[in-house]
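Residue numbers are given in UniProt numbering: position 81 of the sequence shown equals residue 81, and the series is strictly consecutive.
It is possible that some hints are incorrect.
Pair by pair, the computed Cβ-Cβ distance ranges are [as the list claims (entries may be wrong)]:
1) ARG22 / GLY200: 16 to 24 Å
2) ARG22 / ILE260: 24 to 32 Å
3) LEU296 / ASP233: 43 to 51 Å
4) ALA87 / PRO301: 39 to 47 Å
5) LEU296 / PRO325: 32 to 40 Å
6) PRO286 / ARG248: 48 to 56 Å
7) ASN261 / GLN300: 21 to 29 Å
8) ALA297 / ILE259: 43 to 51 Å
9) SER24 / ALA297: 33 to 41 Å
10) PRO325 / ARG144: 35 to 43 Å
11) GLU90 / ARG248: 27 to 35 Å
12) ALA87 / GLY200: 21 to 29 Å
Think of the hints as simulated: they come from the structure by calculation, not from any bench. Yeah, the Cβ is synthetic: ideal placement off N, Cα and C, and Gly gets one too.
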Amino acid sequence: MTLESLNLNSLDPASPPLRTLRLSRNGRVLTVGVDAPPHNFMTTTMQQDLLRVVRAVDADTSIGVVVLTGAVTGRFITHFDIADLLAAAEAAPSLPRPAARALLAAVRALSACGAERIVERSRLAGVLAISRFHQLVLGIARSRALWIAAIDGPCGGGGLEMSVFCDMRIAAETATFIVPELSVGLTTTVGAQRFTHLVGPARALEMMLEARAYSAAEAQAAGLVQRVVPQQDLLEEAARTAARYARRPSSAVAAQKRIINQAYTLGARAVLKREGIAQLTGVPTPGTRAALRRWLAMRQPDGDSVFLTSPGPWRDGTAVDFHQPPP
1 MTLESLNLNS
11 LDPASPPLRT
21 LRLSRNGRVL
31 TVGVDAPPHN
41 FMTTTMQQDL
51 LRVVRAVDAD
61 TSIGVVVLTG
71 AVTGRFITHF
81 DIADLLAAAE
91 AAPSLPRPAA
101 RALLAAVRAL
111 SACGAERIVE
121 RSRLAGVLAI
131 SRFHQLVLGI
141 ARSRALWIAA
151 IDGPCGGGGL
161 EMSVFCDMRI
171 AAETATFIVP
181 ELSVGLTTTV
191 GAQRFTHLVG
201 PARALEMMLE
211 ARAYSAAEAQ
221 AAGLVQRVVP
231 QQDLLEEAAR
241 TAARYARRPS
251 SAVAAQKRII
261 NQAYTLGARA
271 VLKREGIAQL
281 TGVPTPGTRA
291 ALRRWLAMRQ
301 PDGDSVFLTS
311 PGPWRDGTAV
321 DFHQPPP
């Protein structure tokens, strides 16, 4: 797979065109715009598309920097599609931790053997999504290219988790950041370790418990983003930074990334495995399913994220009572 084939969407018939991404290239800089209107929720298709780009970038040594941003006006990646999460929760069996660990390992093995499409059509599709997300973020972290997240709107849940695996985060002044998982009875899928290293353990847990939208200024003060710029300047600032960094010697940059990542991500695969197991043992609970249904029921007709349109009950913990059996 080459980057050129991705740009032209001219893959062989077995490889479908990218459906949720827009690609553009300027010299050694590739810009990847996430295009899943109207709300840029993360979906299985988006994960598949991003993973293909990650692999293609690593196969093309002429790419030095990737800028990841939103192609829907005012949106980065809002969070996982809650409807997809509910479908996975209702299909998945309730498992103890040892069984969840074994199941996650089995699905990874099946995926590696080329049986991904079979798993996708089974009750294990949700497990496959976790495994695929692990591959995606590890691919970004281990990429020889630099990845810059240019965050131009709501960045929450899976979108925020993926952003912390990028090498740099530049945010528009209007961007917001939310870690809403605990408010719907979930744990993080991939990002707890990186997120905690960026903001510190006490702040990380506080942001997870608060489940509110944090401003770009707050995110910068916490150490989550390196730079905040006016919204109209975001892409220009990201492109200028990327072009400058792309002029650095690629082999030295790749080596430096490995050294820095090893300083705090040694054992990242083990941490991701624990997060995956926590997801598998937590998602199927009645309380979580009730919370996901409640979230979907609270949506406005335009289908936007309830964490944006009606955040109060989720922030306050009154949307669902996790300590009472669901009706």
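Outcome of the hint check:
| no. | hint | verdict |
| --- | --- | --- |
| 1 | ARG22 / GLY200: 16 to 24 Å | 35 Å, violated |
| 2 | ARG22 / ILE260: 24 to 32 Å | 30 Å, holds |
| 3 | LEU296 / ASP233: 43 to 51 Å | 36 Å, violated |
| 4 | ALA87 / PRO301: 39 to 47 Å | 21 Å, violated |
| 5 | LEU296 / PRO325: 32 to 40 Å | 20 Å, violated |
| 6 | PRO286 / ARG248: 48 to 56 Å | 52 Å, holds |
| 7 | ASN261 / GLN300: 21 to 29 Å | 41 Å, violated |
| 8 | ALA297 / ILE259: 43 to 51 Å | 49 Å, holds |
| 9 | SER24 / ALA297: 33 to 41 Å | 39 Å, holds |
| 10 | PRO325 / ARG144: 35 to 43 Å | 51 Å, violated |
| 11 | GLU90 / ARG248: 27 to 35 Å | 48 Å, violated |
| 12 | ALA87 / GLY200: 21 to 29 Å | 35 Å, violated |
Comparing the model with each numbered hint stated earlier shows that hints 1, 3, 4, 5, 7, 10, 11, 12 do not hold.
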